[in-house]
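K.L.:
One-letter residues, chain by chain:
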Amino acid sequence: MPDAGYTSDEMMTIAAARMIRDGVTLFVGIGLPSAAANLARLTHAPNTVLIYESGTIGAKPSVLPLSIGDGELSETADAVVSIPEIFSYWLQAGRIGLGFLGAAQIDKYANINSTVIGGYNKPKVRLPGAGGAQEIAAFCGEVLITLRHNNRAFVNKLDFLTSGGYFEGGDSRQKLGLPGKGPTNVITDLGILTPDPVTKELTLTSLHPGITAEQAVAATGWPLKVAAKLDTTAPPSPDELRTLRDLNERTARAHAGQA
Amino acid sequence: MPDAGYTSDEMMTIAAARMIRDGVTLFVGIGLPSAAANLARLTHAPNTVLIYESGTIGAKPSVLPLSIGDGELSETADAVVSIPEIFSYWLQAGRIGLGFLGAAQIDKYANINSTVIGGYNKPKVRLPGAGGAQEIAAFCGEVLITLRHNNRAFVNKLDFLTSGGYFEGGDSRQKLGLPGKGPTNVITDLGILTPDPVTKELTLTSLHPGITAEQAVAATGWPLKVAAKLDTTAPPSPDELRTLRDLNERTARAHAGQA
Amino acid sequence: MAQIISLSEAIRETVRDGDTVALEGFTHLIPFAAGHEIIRQAKRDLTVIRMTPDLVYDQLIGAGCVRKIVFSWGGNPGVGSLHRLRDAVENGWPRTIEIEEHAHAGMAAAYSAGAANLPFGMLRGYIGTDLVKYNQRIKFIDCPFTGQKLAAIPAHRPDVTIIHAQKADRQGNVLMWGVVGVQKEAVLAARRSIVTVEEIVDDLQAPPNSVVLPAWVLSAVCEVKGGAFPSYAQGYYQRDNAFYKAWDAIARERDAFKTWIGRHVLGTKNFAEFKQSLEAATSHA
Amino acid sequence: MAQIISLSEAIRETVRDGDTVALEGFTHLIPFAAGHEIIRQAKRDLTVIRMTPDLVYDQLIGAGCVRKIVFSWGGNPGVGSLHRLRDAVENGWPRTIEIEEHAHAGMAAAYSAGAANLPFGMLRGYIGTDLVKYNQRIKFIDCPFTGQKLAAIPAHRPDVTIIHAQKADRQGNVLMWGVVGVQKEAVLAARRSIVTVEEIVDDLQAPPNSVVLPAWVLSAVCEVKGGAFPSYAQGYYQRDNAFYKAWDAIARERDAFKTWIGRHVLGTKNFAEFKQSLEAATSHA
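Chains as they are written, first to last, in numbering that gives the first Met the number 0: chain A, 0 to 258; chain B, 0 to 258; chain C, 0 to 284; chain D, 0 to 284.
No wet-lab data here; the hints were simulated from the structure. Predicted, not measured: the structure shown is a model, and the values here were computed from it. Using N, Cα and C, we set each Cβ at its ideal position, and we do this for glycine too. Just to be clear, a hint being listed does not mean it is correct.
As the list claims (entries may be wrong) - No more than 27 Å apart at the CA atoms, straight line, and that leaves these computed lysine-lysine pairs for DSSO-like:
id: 1; chain 1: C; residue 1: 148; chain 2: D; residue 2: 148
id: 2; chain 1: C; residue 1: 244; chain 2: A; residue 2: 59
id: 3; chain 1: C; residue 1: 67; chain 2: A; residue 2: 123
id: 4; chain 1: A; residue 1: 123; chain 2: C; residue 2: 132
id: 5; chain 1: C; residue 1: 257; chain 2: A; residue 2: 123
id: 6; chain 1: D; residue 1: 132; chain 2: B; residue 2: 156
id: 7; chain 1: D; residue 1: 257; chain 2: B; residue 2: 121
id: 8; chain 1: C; residue 1: 148; chain 2: A; residue 2: 174
id: 9; chain 1: D; residue 1: 138; chain 2: C; residue 2: 138
Unchecked claim - Estimated spans, in silico, between C-beta atoms of each pair:
id: 10; chain 1: D; residue 1: 281; chain 2: B; residue 2: 193; range: 46 to 52 Å
id: 11; chain 1: B; residue 1: 174; chain 2: A; residue 2: 121; range: 48 to 54 Å
id: 12; chain 1: B; residue 1: 249; chain 2: D; residue 2: 95; range: 42 to 48 Å
id: 13; chain 1: D; residue 1: 251; chain 2: B; residue 2: 8; range: 22 to 28 Å
id: 14; chain 1: A; residue 1: 121; chain 2: D; residue 2: 146; range: 33 to 39 Å
id: 15; chain 1: C; residue 1: 145; chain 2: A; residue 2: 226; range: 38 to 44 Å
id: 16; chain 1: B; residue 1: 173; chain 2: C; residue 2: 235; range: 48 to 54 Å
Claimed, not checked - Non-contacting residues of chain C with respect to chain A, defined by C-beta distances greater than 12 Å in every case (computed):
id: 17; residue: 0
id: 18; residue: 4
id: 19; residue: 7
id: 20; residue: 18
id: 21; residue: 38
id: 22; residue: 156
id: 23; residue: 252
id: 24; residue: 254
id: 25; residue: 260
id: 26; residue: 264
id: 27; residue: 275
I would like the entire structure built from these sequences, with the hints used as guidance.
P.N.:
Right under this line is the structure:
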């Protein structure tokens with residue numbers, strides 16, 4: 000909705016950024032999670048500790064990294080450790096408060112697929128794969144997931160379970176012994192979904208301005224539950240928008256410049 | 000034998016140093032092994048790579064460290080790694096060619112005790128314990144052992160098996176799956192003992208100048224086998240003696256100086 | 000003990016058809032020059048291991064060097080798919096390739112186990128995920144004290160590991176810094192290893208506790224200035240993000256890829272010529 | 000998140016009677032000042048863990064703070080025995096202490112497992128040795144792929160780990176260098192942790208890939224100049240080998256030990272006073 004003065008991707012990124020509490024230790028995936036994490040750091044959460052799976056702890060990038068191992072990250076980090084160490088002593092150890100993931104597919108229990116579309120052995124689309132997503136989903140204190148809301152992404156059954164959310168729902172996650180709480184918010188370009196406290200089924204609890212529940216339900220591949228009391232997400236503030244756009248502009252300049 | 004112009008300890012250290020081939024990677028214990036290793040480095044084996052369990056790889060000390068973690072070692076090393084790394088990626092990995100150990104007790108199969116004299120639970124003498132000796136004995140390509148030759152040290156039965164040589168003799172070491180070859184020479188202040196190729200029982204194969212086989216046999220707590228063709232260790236050369244005494248003098252000065 | 004030799008010699012002497020080869024690098028210090036030399040020397044039937052196979056593995060696969068790939072994340076970071084990897088997996092072009100897929104933590108544990116000469120790596124991971132269904136090399140063990148279920152992955156023991164680093168000294172001792180990834184483990188886990196470096200210097204001037212690989216654990220050290228391009232070498236040059244983006248179009252179609260690899264890699268003698276060829280093409284574009 | 004407070008506060012708030020405490024340091028950076036403060040505050044029934052218990056553990060044991068010691072090498076490096084440790088083990092003075100004995104590699108694996116939140120550490124060690132007969136916490140597992148027999152040690156998870164480092168910044172981030180031992184693992188394995196440092200600075204100026212402990216994994220950071228004496232702090236002061244040698248005579252007899260600890264540790268308010276008291280004694284000698 001250009002008429003709203005911001006894009007739906009900007010709304011999604013800003014809504015995600017707002018969920019980051021200042022001072023949290025945050026394990027960041029690349030792409031939208033990185034944008035939201037850095038927006039938070041540049042606005043309401045300056046003391047966020049950003050941790051990337053490249054081993055950079057306390058990175059303070061001035062532009063968004065194109066990859067999780069950019070020099071920008073290691074040069075601005077408090078510490079740079081090896082890959083075996085970041086996964087064992089830091090992520091698996093349960094030291095990280097919040098994990099932030101994207102996905103190609105998500106199901107009603109917030110399990111995600113970033114491996115294949117179609118059959119594993121003869122895939123329609125071969126995606127990059129798990130990377131660090133499994134461990135982020137398993138070991139961070141809680142997890143945020145952000146992806147665009149449509150029927151191809153919000154599916155009734157995943158083609159492949161790459162990273163676990165609430166598995167079969169209910170207490171199935173605890174039964175498997177995964178230490179982290181699991182996904183607490185799914186932020187899309189249409190609204191925000193949160194797991195039911197008991198069944199863990201994702202429920203639409205907030206709509207972004209100008210979006211209707213019908214749109215969200217229609218964009219979901221399962222019968223989407225809608226909260227009785229449905230919030231409306233606050234629109235982007237001028238400050239949030241300016242900061243995000245500056246960040247994206249700096250980033251575009253930096254990435255184009257390097258040839 | 001002061002009349003010989005050198006002490007029996009000097010003969011022992013020099014005889015041990017001669018067994019170090021130039022260019023070997025050498026895992027060094029403290030005390031006599033460190034003196035012999037550094038003597039070798041300062042004489043015929045300048046390219047010896049000294050590795051101490053403090054994580055110092057390629058240390059080139061100008062004085063003998065009093066402890067395996069002296070600053071002298073880390074400041075002169077090619078690399079300084081953590082303790083978990085030195086034991087896993089370096090020693091256990093089987094990268095180290097030669098290990099060099101002292102001991103309180105040794106038996107006829109070159110198993111050694113550095114833990115207790117007397118019973119474990121009510122010891123007569125509580126010794127420091129295993130430290131890194133077990134892994135040096137297990138994982139180095141081969142092992143040199145050096146200790147003074149007397150009935151208290153050369154015993155028929157160890158009070159405690161701290162580090163394995165040839166265990167019950169024969170092929171019992173391989174049966175246990177220990178990768179290293181095991182102890183190839185035991186250098187004492189009286190002579191040199193080497194394992195029988197088949198039974199692995201330590202046999203007296205060389206006597207230091209002025210020592211008789213009877214002395215060595217009398218100083219051994221089991222019926223010591225003596226090789227048919229018994230060598231005589233070459234006496235210390237002037238260069239070996241001068242280098243060792245200079246090293247010990249520098250060391251004494253350095254250690255006294257630090258208060 | 001490391002010999003200091005040319006990259007073409009090192010690849011010729013060290014990499015054999017059918018070998019298991021790890022060209023490691025975690026976005027930083029990716030050994031592109033070495034990958035190109037493997038393509039030039041037409042090595043075949045390689046099993047290639049890498050946590051994050053990216054453009055250089057896309058090139059190796061498209062050039063037909065690869066029989067099997069062992070990995071945990073295969074993409075063009077921040078850009079999208081590896082089209083040559085996808086074409087091989089989805090359509091078997093230029094040949095069918097076998098894939099063995101892990102999570103990052105499993106790959107890291109497998110390299111660490113290899114470096115430590117342990118038969119397997121242990122981690123709290125994989126539980127409840129579909130990877131377990133498709134990768135028979137992921138097993139589970141029980142803690143002998145607590146009964147807790149833990150994942151077990153066989154150690155990675157490459158025939159050859161190849162990495163790029165910033166500096167070596169004239170003895171062949173290597174220093175690297177910045178994002179160091181899993182390269183040390185990959186080298187220590189391998190039977191043979193090659194390190195390409197930005198420069199060979201008299202004195203490494205390594206800061207305390209920095210990542211130094213002693214010459215005596217390496218097979219060959221080769222000076223290849225810019226050898227990580229289009230990846231980066233901290234302290235020397237930045238990541239060429241524009242090239243990573245441009246690769247998407249080059250690799251999307253088989254013909255465009257064949258033309259590119261033929262002209263810039265197979266048509267050049269070494270990495271310096273490759274970069275000249277590339278600059279010439281760009282300036283004419 | 001690390002509070003920057005005095006050592007006496009830190010010990011009071013962090014160490015409780017009956018705790019399992021690791022004061023780690025591998026000849027370098029041994030936290031002597033913290034050990035003395037534990038003695039002053041008369042903490043009791045501690046289980047103390049350390050790969051290489053040396054003089055500071057001899058002092059803790061002689062002062063009656065220790066119920067159990069977990070270790071792999073207990074001696075006065077290059078000098079000889081720890082007489083207070085021996086007197087406790089051999090004669091139960093000042094109290095009987097329980098010992099749990101390992102090899103270095105087992106201790107290192109147990110700390111690493113604790114840091115990684117694994118229930119046990121795995122290594123190829125202990126096979127055929129008598130330690131296995133006397134330490135029930137050493138078990139063996141079989142590799143699920145090769146059947147190879149491997150030793151398993153329960154993870155170390157101290158209630159408190161205490162270390163000494165060179166520098167902290169004003170946020171409480173810590174930098175250490177030189178022989179770094181197992182201190183990082185010991186801190187990351189612990190529920191609470193105290194780091195004493197030589198100095199607190201505005202900017203750590205940490206070289207790339209150096210050993211940095213972020214403030215958010217620490218409980219307390221305390222500035223204690225010279226806090227590792229008679230051990231050393233690389234870049235600050237050398238090891239006082241003469242003191243290590245002198246300790247042999249001090250600790251050999253109970254009375255001499257009691258006099259020394261009473262005068263120099265219990266009789267002083269902090270580490271600065273301890274060192275003045277010691278200098279006074281030495282100059283009169």
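K.L.:
Can you list which hints this structure breaks, lowest number first?
P.N.:
Violated: none.
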